[in-house]
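Participant: One-letter residues, chain by chain:
Protein chains: 2
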Amino acid sequence: MSQTAAGIAAGVLAREIGAGARLIRWLEESDPRGRDALALIYPHTGRAHLIGITGPPGAGKSTLTNALISEQRKRGRRVGVIAIDPSSPFSGGAVLGDRVRMQTHALDTDVFIRSMGTRGQLGGLSRATFDAILVQDAMGYDVVIVETVGVGQDELDIVSLAHSTVIVSVPGLGDEVQAIKAGLLEAGDLFVVNKADREGADALTRQLELMLHLREQTRPHAWKPPLMHTTALTGQGVAALTDALDEHLATLKASGAFTQCLIARNRHMFDSLLRDLAAQHILAAASAQPATAALIHAMQAGQIDPYSAATQLVACMSLQFP
Amino acid sequence: MSQTAAGIAAGVLAREIGAGARLIRWLEESDPRGRDALALIYPHTGRAHLIGITGPPGAGKSTLTNALISEQRKRGRRVGVIAIDPSSPFSGGAVLGDRVRMQTHALDTDVFIRSMGTRGQLGGLSRATFDAILVQDAMGYDVVIVETVGVGQDELDIVSLAHSTVIVSVPGLGDEVQAIKAGLLEAGDLFVVNKADREGADALTRQLELMLHLREQTRPHAWKPPLMHTTALTGQGVAALTDALDEHLATLKASGAFTQCLIARNRHMFDSLLRDLAAQHILAAASAQPATAALIHAMQAGQIDPYSAATQLVACMSLQFP
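Residue numbers (numbering that gives the first Met the number 0), protein chains in the order written: chain A, 0 to 321; chain B, 0 to 321.
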């Protein structure tokens, strides 16, 4: 395989999974070839339907993702998946289990599953994920599914910036509905009760219905999020969920929200990159200043706290554009 | 209670838990009074022994923390605890369980337990945690314990920058030792097999011994991390662990590493603050530039990718110190 940016970009556009995997790795590792290749493929992005799937550990998100892949494949669509690991240095076992379950599609070249660690991503998880989404998008995947437990600000950014955000709940985990209220209610476009054959599914459904009813009253003219029931392990309800996702996509395209969502995602990347580059720039400039050394010395001597020291240093900078 | 920065700072120095709790909240919420009060208390920080406790979910970290509090109290020490929630919007149940277990010490005014969410912390989890540590330190707590599952870069920063990092393992969770190797082996100062009465404890102990032996060969003159056994639920082994922590503290103080560690932590805060302030500064300056609007427009039209756009903008800036 070519090792140049142009070669990898050509491979990505030719839909070679090996080229896509390499480009995602380059971007993760801040290899300069990654940025060059991304520049070449960027004009070919913007077509994929980005679906975010989130819910608590144990909700069956991976099984549901697996079932959604099968259903999308039946409908003739190529599917990219980005699975975000909880990434505990300790959680190897469970994560491996999830990945193994996805092996159903391992021999299907129209399915590209990439797992992202959440640790040590330069520039943060959301940027690494959006990079990977751009790559899969340029590879012509009709649907890109991002699966995450939805913990942390980065993950909330990711699901909030998806075209269609699916919130998965499951009976028997405790106070799920209260938990959804706290973080993800506003971001959800479709709500799913998975393992709907379990005890407690009816009570959970009633709670979710009430919650969605209250939400609807504050946004009477917006998309009305459907509440679906699935048993991902058997595939029950997955075709109906896919229908609902298709309907949501059609609504987004009709209203222009599909493009708005893409614009918001690219803007998020731009702001995040600008923030990091700016910070590098300023840290490099500041480290060459005698004032910096003096402030750090005073801080270490207990004479000035870190907040005051950093504020003083930034206050004496001036920034110019040509 | 006084609502001024000076009043709260006085309350913190007078060891009032209400004042400490309020200051931590101000700092979390970026209330400007928080920074003012921190500046006032900063000269009184630097004395607490900061202990990081990390390990996988289910290792019994909260129970161990609870037992350590009891033992430290027996030795006449005042104890601050910062418990970092996994913060899933979904995990309310389990977290509540942990906090309830800690109620043993709820009526003891020489114990101050603060729970930190990991979501939506302005400036990140590590800064919010280090802020809370500074507050507890200024309140004269002899020991400050930070308990975290050790997921994510921020949490690794936190445990790495503690004076004494305790890595808790437990038999029966799977491939724990491999997992420790990946992330935390280098950071650990004390290793604990908790639930040491469980099946599998001997095998886990042998694996950890081998690992520590290999680590020792690469660092022959450094502190030799002890491998301890506890059954936190009954308190078994907790006095010995506290002895080992005391010994580690004495070693750090004798070598000057105690102060070095504090310096590294303050420097980490300073760099993180400088990075954020710098980024705010540059984003504000950039948003006023016509070049920025033109680049964003080109990006949204698919003519330039986010990396190239952000790089071009930063390249044309110049930064000056007086």
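Hints listed in this document are in silico derivations from the structure and should not be mistaken for laboratory results.
Values in this document were obtained by computation on a predicted structure and should not be read as measured data.
The beta carbon of each residue, even a glycine, is placed where N, CA and C say it ideally should be.
Hints are supplied without guarantee of correctness; some may be wrong.
[Said to hold, decoys possible] Here are the computed lysine to any residue pairs in the SDA-like style, where the Cα-Cα straight-line distance is at most 25 angstroms: (1) B:K252 - A:A300; (2) A:K252 - B:F257; (3) A:K252 - B:I295; (4) B:K252 - B:A200; (5) B:K73 - B:A300; (6) B:K252 - A:Q299; (7) B:K252 - B:H104; (8) A:K252 - B:L184; (9) A:K252 - B:Q302; (10) A:K252 - A:G139; (11) A:K252 - B:G301; (12) B:K252 - A:G139; (13) B:K223 - B:F257; (14) B:K252 - A:G301; (15) A:K252 - A:A186; (16) B:K252 - A:K252; (17) B:K73 - B:H296; (18) B:K252 - B:R274; (19) B:K252 - A:A297; (20) A:K252 - B:A300; (21) B:K252 - A:I295; (22) A:K252 - B:A297.
[As the list claims (entries may be wrong)] Partial selection, computed: residues in chain B whose CB lies under 8 angstroms from chain A: (23) G45; (24) S114; (25) A221; (26) W222; (27) F257; (28) A277; (29) G301; (30) L318; (31) Q319.
[To be verified] Here are the in silico distance ranges between beta carbons for each label pair: (32) B:A105 - A:P31: 50 to 60 angstroms; (33) A:G234 - B:D30: 47 to 57 angstroms; (34) A:Q302 - B:A292: 35 to 45 angstroms; (35) B:G301 - A:H296: 28 to 38 angstroms; (36) B:T108 - A:A290: 35 to 45 angstroms.
Participant: For each hint, tell me whether it holds in the structure or not.
Facilitator: Structure-based check of each hint:
1. B:K252 - A:A300: holds (17 angstroms)
2. A:K252 - B:F257: Given pair K252 (chain A), F257 (chain B) is violated - Cα atoms ~60 angstroms apart, limit 25 angstroms.
3. A:K252 - B:I295: holds (22 angstroms)
4. B:K252 - B:A200: Given pair K252 (chain B), A200 (chain B) is violated - Cα atoms ~33 angstroms apart, limit 25 angstroms.
5. B:K73 - B:A300: Violated - the C-alpha atoms of A300 (chain B) and K73 (chain B) are around 67 angstroms apart, more than 25 angstroms.
6. B:K252 - A:Q299: holds (17 angstroms)
7. B:K252 - B:H104: violated (29 angstroms)
8. A:K252 - B:L184: Not satisfied, since the Cα-Cα distance of roughly 50 angstroms exceeds 25 angstroms.
9. A:K252 - B:Q302: holds (22 angstroms)
10. A:K252 - A:G139: Holds. K252 (chain A) to G139 (chain A) sits at ~18 angstroms (cutoff 25 angstroms).
11. A:K252 - B:G301: holds (18 angstroms)
12. B:K252 - A:G139: Distance of about 60 angstroms is beyond 25 angstroms: violated.
13. B:K223 - B:F257: holds (16 angstroms)
14. B:K252 - A:G301: holds (18 angstroms)
15. A:K252 - A:A186: Holds, at roughly 18 angstroms.
16. B:K252 - A:K252: violated (65 angstroms)
17. B:K73 - B:H296: violated (65 angstroms)
18. B:K252 - B:R274: violated (31 angstroms)
19. B:K252 - A:A297: holds (22 angstroms)
20. A:K252 - B:A300: holds (17 angstroms)
21. B:K252 - A:I295: holds (22 angstroms)
22. A:K252 - B:A297: OK: K252 (chain A) and A297 (chain B) at ~22 angstroms, within 25 angstroms.
23. G45: holds (6 angstroms)
24. S114: violated (15 angstroms)
25. A221: Result: violated, 21 angstroms to nearest chain A Cβ.
26. W222: violated (21 angstroms)
27. F257: Violated - the Cβ of F257 (chain B) stays beyond 8 angstroms from chain A, reaching only about 13 angstroms at its closest.
28. A277: Status holds, d = 3 angstroms.
29. G301: holds (5 angstroms)
30. L318: This interface hint holds because 5 angstroms falls under the 8 angstroms limit.
31. Q319: With a closest approach of 5 angstroms, the Q319 (chain B) hint holds.
32. B:A105 - A:P31: 50 to 60 angstroms: holds (55 angstroms)
33. A:G234 - B:D30: 47 to 57 angstroms: Holds, since G234 (chain A) and D30 (chain B) (Cβ atoms, about 51 angstroms apart) stay within the stated range.
34. A:Q302 - B:A292: 35 to 45 angstroms: Given a distance of about 43 angstroms, which is inside 35 to 45 angstroms, the answer is holds.
35. B:G301 - A:H296: 28 to 38 angstroms: violated (50 angstroms)
36. B:T108 - A:A290: 35 to 45 angstroms: At roughly 43 angstroms between Cβ atoms, A290 (chain A) and T108 (chain B) fall inside 35 to 45 angstroms, so the hint holds.
The structure fails hints 2, 4, 5, 7, 8, 12, 16, 17, 18, 24, 25, 26, 27, 35 (numbered hints given earlier, in ascending order).
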